[in-house]
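Asks: Okay, here's what each chain looks like letter by letter:
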Amino acid sequence: MKAEPFEPKILAFFCNWCTYGAADLAGVSRLQYPPNVRPIRVMCSATVSPHHVLRAFQSGADGVLVGGCHVGDCHYIYGNYMTIKRIRFLQELLEFVGLGERLHLEWISSAEAQKFVQVVTEFTLKIKELGPSPLTVLSKGLPAMALSSPPPRENARAAVG
Amino acid sequence: MREQIRSWLESGEMDAFLGFKEVEGHPIPHLFSKANLAELEGLIVNAPRYPLETLVAEMLQSQPGMKLGVLGDETTRRALNVLSIWNQVSPESVRVIDPDQFAPEEKGARKVFRVSEPGPVKLERGIDNRLGVDAIQALDGDDRVRRWMYEFQKCIKCYGCRNICPVCFCKECSLEHQDLISTGTVLTEVPIFHLVRAVHMAGRCIDCGMCEQACPADIPLRLLYRKVNSIVMELFDYENGLSSDQPPLSVLGEKVVLELKPIH
Amino acid sequence: MEYKIIPSVCSYCGTGCGVLFKVMNGRLVGTLPNKTHPVNEGGLCIKGWNLHEYVNSFLRLTSPLVKVKGRFHKATWDEAIQVAADHFTSIVEKYGPDSVGVLVSAKMTNEENFLAQKFARAVIGTNNVDHCARL
Ligand code: SF4
Ligand code: SF4
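Protein chains in written order, with this note's numbering: chain D, 178 to 338; chain P, 877 to 1140; chain G, 992 to 1126.
Be a bit skeptical, because a hint or two may be false.
List time: in silico SDA-like cross-link candidates among lysine to any residue, alpha-carbon distance up to 20 Å [stated by the list, open to error]:
1) Lys305(D) x Asp1018(P)
2) Lys1038(G) x Arg1038(P)
3) Lys1085(G) x Arg1112(G)
4) Lys1137(P) x Arg1112(G)
5) Lys943(P) x Lys995(G)
6) Lys995(G) x Pro1138(P)
7) Lys1038(G) x Ile1032(P)
8) Lys1103(P) x Lys186(D)
9) Lys303(D) x Ala288(D)
10) Lys292(D) x Ile261(D)
11) Lys897(P) x Ala914(P)
12) Lys910(P) x Gly1017(G)
13) Lys186(D) x Ser206(D)
Here are the computed distance ranges between Cβ atoms for each label pair [unchecked claim]:
14) Tyr258(D) x Arg971(P): 34 to 42 Å
15) Leu1118(P) x His229(D): 27 to 35 Å
16) Ile254(D) x Asp976(P): 42 to 50 Å
17) His229(D) x Thr1059(P): 28 to 36 Å
18) Phe1110(G) x Arg971(P): 54 to 62 Å
19) Leu1136(P) x Thr298(D): 48 to 56 Å
Bear in mind the hints are in silico, worked out from the structure with no lab data behind them. Ideal Cβ placement from N, Cα and C applies to all residues, glycine included.
With these hints in hand, go ahead and build the complete structure from the sequences.
Replies: The structure is reproduced here in structure tokens:
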């Protein structure tokens, strides 16, 4: 049986004023980009709490993309300063627990449809290369990725609740 | 030191002093006051660390304006500083009394709390709380996830790490939020439970180590929060408990004032 | 203000972890683990951490209840024990002693547990005795 190619699930949070506009523009300009992203429109990228990102990974996302306005262009004046602080922190934390590089932040203004397509394509390719999220793999209990180090106890249950 | 505390209590410069007394062979936190000055003889200083800061916050909540002394050290000061940044205690009401400063020649006589060494059975199962941040960073990506998932899935969801933490005081806790983490089930949703707590410890944790000692599952929580602290230090140059500003991850601009946690 | 920390033992299971109760102005407001207790060494499970809640709970039963015509009524201990004894007697007479089982608790002393099995074997006449620690 031929293995199905890995199609990552990517959750994307796009800010209403810039990145979502770019996505719209990419749509009306008929630009092609990978269908792996599931966009969620938020009013500002700063409304994306670390909770949302963690919940996404817990629920089986292979990657999370956050898009907001360029620094200085935020519709709410300083929203994206908050975004970058949180996302940078979270990236470091995820790196430490071994989920590094699966969270990406990009500033895309509503005129940058080309950049939007490029970012989405590159991020999708990167996640494809990284493979499925180790959390989903562990929860399916594939033997190759069983909790092997350190030695699990007999009753070590599948990882994700 | 006892004499000093006694005179403070007698003169009313201090309404009460929170220290330790031996009860049934255990060092138990005890409130000394003017009414029971004789008990001061039984004051002991070499006790394991208890969240005295939380007790202080509770007392000040029920009787604001009382002047309290508390037995403590540098960590206690930092914890109280974090609590006062977040409006939980008023700094002028609490005075930290460090036994090391009263009797410098006896320095070190005070038993500093340490996590006990893991025994052979624990080591065989890979339970080792002496690990450093470097040991984790030496693992590559997948092994790191496996390592942490192995640690996290031992969690019995006792909420002990949150309950004992001196700087955990929120009225509503994210760890009890239905939509974020499944509550009411026995299995802990990992890693979100621990990562949410780690995120919330950013800019708060003062590295007292009590969470790790309270964890019945031997999860190296302190290691995780240490890393969190060092990220905050690296990215924002903020050291928990030493600054009088709110941590950089809270909202820009206006100062955030959190409500007091109600006493049951 | 009065604030006391009182050492005690958790009343939930047979392990018997050491706990400290935080008592403020005569009211139980919180629980802490006893860090020097040989049993739990500073850890507690979620039930132990919330011991203070059931002491203050309005759902807590403070006197025995006897069910009369489908509704519970407050009763004294003497009444309640009498009702239980009467029912046991009639059940044992009607269906035999093996229709009764006795479950005892790990939170009782050895002597009380001994008495309970004596009660089951000698008074009721059944071997149906069990214990929550025999998991
Ligand atoms: S070490 Fe643990 S208990 Fe202490 S402040 Fe940090 S998170 Fe809280
Ligand atoms: S103290 Fe340990 S076992 Fe208890 S909830 Fe925290 S991590 Fe889980």
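Asks: Could you work out which of the previously given hints the structure breaks and list their numbers from low to high?
Replies: 4, 8, 9, 13, 17
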